[in-house]
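A.B. asks: Please build the complex by placing chains B, C and D on the supplied structure of chain A, with the hints as guidance.
Protein chains in written order, with the numbering used here: chain A, 660 to 773; chain B, 660 to 773; chain C, 660 to 773; chain D, 660 to 773.
Simulated from the structure, these hints should not be mistaken for laboratory data. Small disclaimer: the values here were computed from a predicted structure and weren't measured. Hints should not be assumed to be uniformly reliable.
In silico DSBU-like pairs for lysine-lysine, Cα to Cα no more than 35 Å straight-line [unchecked claim]:
#	chain 1	residue 1	chain 2	residue 2
1	D	767	A	767
2	A	772	D	772
3	C	767	B	772
4	C	767	D	772
5	B	767	C	767
6	B	753	B	767
7	B	767	A	772
8	A	767	D	772
9	A	753	A	772
10	C	753	C	772
From the structure, some residues in chain A lie toward chain B, with a derived Cβ separation under 10 Å [what the hints assert, rightly or not]:
#	residue
11	664
12	677
13	709
14	718
15	719
16	736
17	741
18	759
Pair by pair, the computed Cβ-Cβ distance ranges are [unchecked claim]:
#	chain 1	residue 1	chain 2	residue 2	range
19	A	764	B	768	40 to 46 Å
20	D	773	C	662	29 to 35 Å
21	A	711	D	773	37 to 43 Å
22	C	682	D	762	15 to 21 Å
From the three backbone atoms N, C-alpha and C, an ideal C-beta is built for every residue, glycine too.
Take a look at the letters that make up each chain.
4 protein chains.
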Amino acid sequence: LSSDIDRLQDAVRAFAEARDWEQFHTPKNLAMALAAEAGELLEIFQWLTPEESRLEASESAFESARSEIADVLIYALRLTDVLQIDLVEAIEAKMQMNASRYPVQLAKGNAAKR
Amino acid sequence: LSSDIDRLQDAVRAFAEARDWEQFHTPKNLAMALAAEAGELLEIFQWLTPEESRLEASESAFESARSEIADVLIYALRLTDVLQIDLVEAIEAKMQMNASRYPVQLAKGNAAKR
Amino acid sequence: LSSDIDRLQDAVRAFAEARDWEQFHTPKNLAMALAAEAGELLEIFQWLTPEESRLEASESAFESARSEIADVLIYALRLTDVLQIDLVEAIEAKMQMNASRYPVQLAKGNAAKR
Amino acid sequence: LSSDIDRLQDAVRAFAEARDWEQFHTPKNLAMALAAEAGELLEIFQWLTPEESRLEASESAFESARSEIADVLIYALRLTDVLQIDLVEAIEAKMQMNASRYPVQLAKGNAAKR
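One chain only, chain A, in its complex shape:
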């Protein structure tokens, strides 16, 4: 029984292979593509107030955000596949590191980087 993530990663890989795009999909290029999509996501929010950024007043901005986040995730799925990184394990490992870096007592109400 494969997970959602495995299934999506398989679909993204098949999409690239069908188009002979493995030649473009070096980790370097995929990192660039991911960051470029993150830039498009920023553009949606750049002039909005914190409250407006909830996108409750704009269906079209919401759809754009959904689409750009999907692009970021698609490249993240592809990049972790090419680098043979287990995405779930990577997230879990980072969450554990964050838990020790930001203990509740010290980090409560305070987002300062440690």
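C.D. replies: Chains B, C and D only, in chain A's frame:
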């Protein structure tokens, strides 16, 4: 039976709530944080050749890439949670759009944006 | 009589040449480095309110912002040098395009992208 | 006698003021806009080989790069104006720091971050 993604999203939400970080986690701020992590990912690859970017020769660069990709994904999980976007549906919808935008015959061996 | 910009661009080029860094300074790599520095700039501001982002209350955040903006500009100077783009002309051409794209009457008080 | 940079900065400020855009131009928002433009710059280069990234074979990619770099610089001019950072001094200070961080003997032919 919840999926990996639901489980991770719950963990990321609980982490923020335990630290009273909801106040910082507007969609605007989360988009910035995601893009900042994408920038850290770029930094790992910026001077590498396409071949070197496979990170087969550097355990420490590989670990850094794994960690930065995890950061991107953690913010993506949090952002989609705050915006109430179904991440799996968003990816599937975008994959379908990509399939019609990049038909195999036209896109074969050619990564030009359409 | 050379301008500030020419002088700075010469200094950035000399710095790279003295270190045999021309081999790393392809336009692709410089665009990545510029974007990575833009990501570090984002990180300074990501959790701040609009008002806090003026950095009037934090000398160290101000110094960090100054340093990251300088990094962005140094890579922009190097990238335009390598691509043989006249930076002043490029800015002036874009300002003219923006003036016709955002006529005062339509754009007044409204930052919507056109 | 004002320099190129002062003159461009004045023009960018006047452009914003004429459109009542000061309200949008918090440092936070300008940092986002700068990073979003850096993302558009990345997109031009993401699938290109190092050699292709010189853009000698594509007039239209060259024009796009020129336009996106101009956008990055326009936001950098505006951001330094709003934060009252002297851009030339900031670059000179960073170049001096880089000179001591990357001494020629250690950094020769080696772009590793220090």
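A.B. asks: Please list, smallest to largest, the hint numbers that this structure does not respect.
C.D. replies: Hints 1, 4, 5, 7, 14, 15, 18 and 19 contradicted; others consistent.
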